[in-house]
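Number of protein chains: 2
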Amino acid sequence: METGKWTGLWLDHHRVYESGEAWKIETDGVDSASKVVDNALLEFKRGIAALTGAKVAGEAEDAVTQGLKTLKISLCPAISSEGYHIAGDADGITLEASDDRGILYGVFAILRQVSCGKRTAEVAEDSAPSNPLRMMDHWDNMDGSIERGYSGNSFFFENEQIVINDRTRDYARFMASIGINGVVINNVNVKGAASYLITDRYFDKVRELSEIFDGYGIRLYLSLNFASPIEIGDLKTCDPLDAQVISWWQDKIKEVYDNVPLLGGFLVKADSEGRPGPFTYGRTQADGANMLADVIKPYGGLIIWRCFVYNCTQDWRDTKTDRARAGYDYFKGFDGEYHDNVILQIKNGPMDFQIREPVSPLLGGLQHTNQMLEVQIAQEYTGHQIDLCYLIPLFKEVLDFHTHCGSDKDTVADVVSGRTMGNRNAGMAAVINTGNDANWTGNDLAAANLYGFGRLSFDTELTAEQIAKEWIAQTYNLPGKETEILCNMLLRSREIYEKYTSPLGIGWMVTPATHYGPSVDGYEYSRWGTYHRADHLGIGVDRTDKGTGYAQQYYEENAKMYNGPDTCPEELLLFFHHIPYTRMLKTGKTLIQHIYDSHFEGEEGARGLAADWDSLKSAVPSEVYDRVKERFDLQLDNAREWRDQVNSYFFRKSGIPDEKGRPIY
Amino acid sequence: METGKWTGLWLDHHRVYESGEAWKIETDGVDSASKVVDNALLEFKRGIAALTGAKVAGEAEDAVTQGLKTLKISLCPAISSEGYHIAGDADGITLEASDDRGILYGVFAILRQVSCGKRTAEVAEDSAPSNPLRMMDHWDNMDGSIERGYSGNSFFFENEQIVINDRTRDYARFMASIGINGVVINNVNVKGAASYLITDRYFDKVRELSEIFDGYGIRLYLSLNFASPIEIGDLKTCDPLDAQVISWWQDKIKEVYDNVPLLGGFLVKADSEGRPGPFTYGRTQADGANMLADVIKPYGGLIIWRCFVYNCTQDWRDTKTDRARAGYDYFKGFDGEYHDNVILQIKNGPMDFQIREPVSPLLGGLQHTNQMLEVQIAQEYTGHQIDLCYLIPLFKEVLDFHTHCGSDKDTVADVVSGRTMGNRNAGMAAVINTGNDANWTGNDLAAANLYGFGRLSFDTELTAEQIAKEWIAQTYNLPGKETEILCNMLLRSREIYEKYTSPLGIGWMVTPATHYGPSVDGYEYSRWGTYHRADHLGIGVDRTDKGTGYAQQYYEENAKMYNGPDTCPEELLLFFHHIPYTRMLKTGKTLIQHIYDSHFEGEEGARGLAADWDSLKSAVPSEVYDRVKERFDLQLDNAREWRDQVNSYFFRKSGIPDEKGRPIY
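Line by line, the protein sequences give chains P and Y.
Numbers given in the working numbering equal positions in the first sequence, counted from 1, plus 67.
Numbers given in the working numbering equal positions in the second sequence, counted from 1, plus 67.
Certain hints may be false.
Pairs count within a copy or across copies, as identical chains cannot be separated in the list.
[As the list claims (entries may be wrong)] In silico DSSO-like pairs for lysine-lysine, Cα to Cα no more than 30 Å straight-line:
id	residue 1	residue 2
1	627	727
2	258	727
3	303	91
4	684	102
5	727	613
6	387	727
7	653	303
8	258	463
9	258	139
10	463	303
11	613	536
12	656	684
13	387	319
14	364	321
15	627	613
16	387	627
17	258	303
18	387	72
19	303	627
20	185	387
21	476	303
In short, the hints are calculated from the structure, not lab data.
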């Protein structure tokens, strides 16, 4: 890649066949002034030409060799919001959609199907998004750095300025192509210049960005500083019940919407990890969220309020306080009190994006509150986009989890889609893994998580394998055998990462602050509420009714399951129970032997991934091969360090040797 | 203190009595053009006036009430270099000195004695420095930061410029008053702008600084980048045996001395922690040092070559490689080959300034090589100038250590003073603890280490208690009881710090990178060669003849002593031996019980220090009380964390409970 260039990711449109066709487009009842439709048509023309060598209307007539085909686009009110129906035949393709976004998504669906091997005449799909909101959360700072970014710097911000260029538009295209309809551009930790995004210092650029996004069916959102009345206003308080504060926000939000009418709303991290919030004033999270929601309501805006609130100055000696409990403890009591344009954004697990956690009991635990699932594709704890870790299987597990919330639609997928409660302000959000690296995601293969999250949030019924294959076909257009190899690498990568890192759901055995590489005791004596409580006899946190009681935050069926060491899913055993090293697991191994075996297997698995990648050397572009190969070399070092440090730690602590006599230090 | 002001440290000159006297000064045979003598006279006038209310010549005659006294200064060739003889009587004081520096030191001795309670008529001392070189090494970077600095930023550098102002002169006065005669102004890790200190970018300011220092008997030295021929020249190599490299250095050093004739020479950290050096070219440390020494010899310059060379990318699994061995292994083989103007600068212990280490076997191990002792008063591993840790007792232990090198002058004090080998290029250096904080050392009480190092390097016979009392008298002029309290705090502080941190010489149980606060396994699985090898049965590194063989680097008497667990001094037991937790120590306690007890005692000791400080509240200036009190609050937190984390770590690992049933987690 040349400097200043960037890849087209899955929209690079490899030539899949030579159709010799020409296309024209007919629209019926479609808003001809719609920027979204314009962009959809552009994408079709560009895509079909690149994929099949076809000519498109305007330049088409003279070049017809196989006859002229027609893309017929019309609106159909019977189709669900943002949905589409596509059907190909000998004459072309019919695209019916509910609305402009449906047209755009329909076009991308056509191109995807062709990319994946269908002829245009074979294209067929009825689809509408599973989730009303499908969002990407950027943790980009205005100095250009990215919190937990592993792909270079921000492409939105540089030197406290907003950057808008061709890359911005490509980004919007990519997001639209996977069905994303909301983007938060700035870090949830809003500090310094970012506090001024809601002032005239930045209005022009924010508006310009919101308009570009709007052309791709995407609403722009901002992360908000709850202390704005103090930091950018001249008030001494940001108490959400203070009349002056409310009045300040009313003026401010009016000013914002006067200048940026397309703004979707705000994401707020309050009372969390040092951020200001309503607790400072003895108010509840509901007080804070509802105040802002009332102020923004006239403009149709949303307040997305994060539930990542916990005591981050815990004393490690304190075994009663349990960070895992915090979200439920703080938010459940106000279920039903959050206003209709508030959405609580809940991380998939109760801790923080570990490779294995139980599903947060808040999801479905809240029965009268808009809620949204937050996952992280930025690989903060899952390998920094050095280690291969395809996260879609993890997200699938979360979505498929039965909350037992009393509805027959009781999975997390049901809850966050709004199906359970019949609400519209719901959906899924991901902390995104992009940066200004030429390949967008640092590790080329990490783009599978970017692609995968979008697709999954659009259609939660898709399998991790389907998504992987779609991504591979569109990105690399590999032959069948190579597709199988790469798909299989992706599908087993998460289990491999889990095996060589922390065992059985305990998490956190990671280098503090950076969150890459092992440090078994790194968080054991810290203030972060993240402990494994290992001693010479056993390990794990007792979160049962005899321990912290966290398991009792679930509905009865799940609470019972987690509460018993025999019924608790083994992959979460140490999350819920303190277990002796000598306890026999269901596999017929002792806990300590399981730790040893899984760490040896995990490292071996990483070597298998690297070997598989080597076998693809001639199938993928050489620069892609080289970049990913470099990362596999680092992953092998990482896997070896994890294996040996974790095994040595537990061998030294327990004194129990490995049955197989392998090297432990 | 006002902004931009700074304290006068021990030269604040409290009024100790009202003499009603007046003084005149007579000199005999003294160089009237000497800046050093000028400064000495100024110090006398200023000091005697402030201490006793005396008038001094010029303004004196009219104000005499008790008669006119005379300070008679003359040179006396019989006195050793830089030495002085002072004697007071009814007529005044006689000061005889070997040279200008002797005069300066003699004046400061007079002021010190008066500060400490003597009348001028009682002043009496014969003294000459124990060590030819008495140096302070600053680790100041040219951006103004200080590596391992805990007292603000640099007062030498700011924004890549050299800063010279009134503070510079005060600094020189303080150093002269404690006998320092050499100062390295820049960090041994020479990077970026600092590589250009030997170019015309900085010559003017370096010369100006060297001249100010010279007025106080101080030679300015620079840390040197061994890769200068590459980094600031246009060569492709810095191979010390390459003719072009040698020629480059000849030109460069000539240019430097043409511009900065007063330069003392260079300090070099080569082949260490990522710094370039002769090893890159298959050359020895002697090759590197001798080349530079030959080049600088015509100008009378010294090359001070650090012996801090070790493998900092060790595999923790490797139990054969021992960082402690590295200095001896790399340098001993070339004993006798280092040229006469090379001095090897050797850290007091073989590791890196831990609170307890054995003395480096290189000290005295080298029998035909100039050597210099390096200690650290910057409290990198000893509490960051938050925790009180008076280091003079530690330095005394090092100086008093018998190397058994075969001479009847075989202590470290003998070796580094040059007494053992009869050499002049020898002495002591300290990594300094100053910064641009108004009180110079962050913690006001850390100035005792600054003062103490200078005094001890000048007179290694002084006791830690004498030095502490001198410092207290000059700084705070406290009544007897309060002096005793503060002196006692200082004297017991090192043992207290040792007790609540890592046990029995093992070291390194510290937070990686920052080096403050506990992290028992923080360096256990790292690349730094710093391991404790604790398992469920015991702890310690076997450095005996059955282990890494480090103990055999000492002369036989010491080697035997360290090699046996019964003869090894107990405070170093875990440095030399891997010991079961159940082993009985000489105190009649098991090792594990010793760990528990010492950690409880250490934390209690810290509380005792804080309580003692509270008792001094009305005796010391309130701003001093407040600043130090703030630090004691932090020290108590730190001591508690150390106590609980270390005890919990070993309880969890060994499973052996505390006999006294105290809380362990």
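Status of each hint after checking the structure:
1. In this assembly of identical chains, residue 627 and residue 727 lie within 30 Å of each other by CA distance neither inside one copy nor across copies; the values are 36 Å within and 40 Å between.
2. Taking the shortest alpha-carbon separations for residue 258 and residue 727, neither the intra-copy value of 53 Å nor the inter-copy value of 50 Å comes in at or below 30 Å.
3. Within a single copy, residue 303 and residue 91 get their C-alpha atoms no closer than 62 Å, and across copies no closer than 64 Å, so neither meets the 30 Å cut-off.
4. In this assembly of identical chains, the alpha carbons of residue 684 and residue 102 never lie at most 30 Å apart, being 42 Å within a copy and 74 Å across copies at closest.
5. Taking identical chains as interchangeable, the C-alpha atoms of residue 727 and residue 613 lie at most 30 Å apart only when they sit on different chains, with a minimum of 28 Å there against 36 Å within one chain.
6. Only between protomers do residue 387 and residue 727 lie at most 30 Å apart by alpha-carbon distance; the minimum there is 25 Å, versus 38 Å within a single protomer.
7. Within a single copy, residue 653 and residue 303 get their C-alpha atoms no closer than 59 Å, and across copies no closer than 63 Å, so neither meets the 30 Å cut-off.
8. For a Cα distance limit of 30 Å, the shortest separation of residue 258 from residue 463 qualifies neither inside one copy, at 34 Å, nor across copies, at 50 Å.
9. For the homomeric pair residue 258 and residue 139, neither the shortest alpha-carbon distance inside one copy (49 Å) nor that between copies (66 Å) is at most 30 Å.
10. Proximity of residue 463 and residue 303 under a CA criterion of 30 Å is satisfied in neither setting, with 46 Å inside one chain copy and 56 Å between copies.
11. Taking the shortest Cα distances, residue 613 and residue 536 never come within 30 Å of each other, neither inside one copy (46 Å) nor across copies (58 Å).
12. Taking the shortest Cα distances, residue 656 and residue 684 never come within 30 Å of each other, neither inside one copy (38 Å) nor across copies (63 Å).
13. Taking the shortest alpha-carbon separations for residue 387 and residue 319, neither the intra-copy value of 42 Å nor the inter-copy value of 67 Å comes in at or below 30 Å.
14. For a Cα distance limit of 30 Å, the shortest separation of residue 364 from residue 321 inside one copy, 11 Å, qualifies, whereas the shortest one across copies, 76 Å, does not.
15. Taking the shortest alpha-carbon separations for residue 627 and residue 613, only the intra-copy value of 13 Å comes in at or below 30 Å, while the best inter-copy value is 55 Å.
16. With identical chains, the CA atoms of residue 387 and residue 627 are at most 30 Å apart within one copy only, with a shortest distance of 20 Å there and 51 Å across copies.
17. Taking identical chains as interchangeable, the C-alpha atoms of residue 258 and residue 303 lie at most 30 Å apart only when both belong to the same chain, with a minimum of 17 Å there against 46 Å between chains.
18. In this assembly of identical chains, residue 387 and residue 72 lie within 30 Å of each other by CA distance neither inside one copy nor across copies; the values are 53 Å within and 50 Å between.
19. In this homomeric assembly, residue 303 and residue 627 never come within 30 Å of each other (Cα to Cα): the closest approach is 48 Å inside a single copy and 71 Å across copies.
20. When the C-alpha separation of residue 185 and residue 387 is checked against a cutoff of 30 Å, the pair qualifies neither within a copy, at 58 Å, nor between copies, at 62 Å.
21. Within a single copy, residue 476 and residue 303 get their C-alpha atoms no closer than 47 Å, and across copies no closer than 71 Å, so neither meets the 30 Å cut-off.
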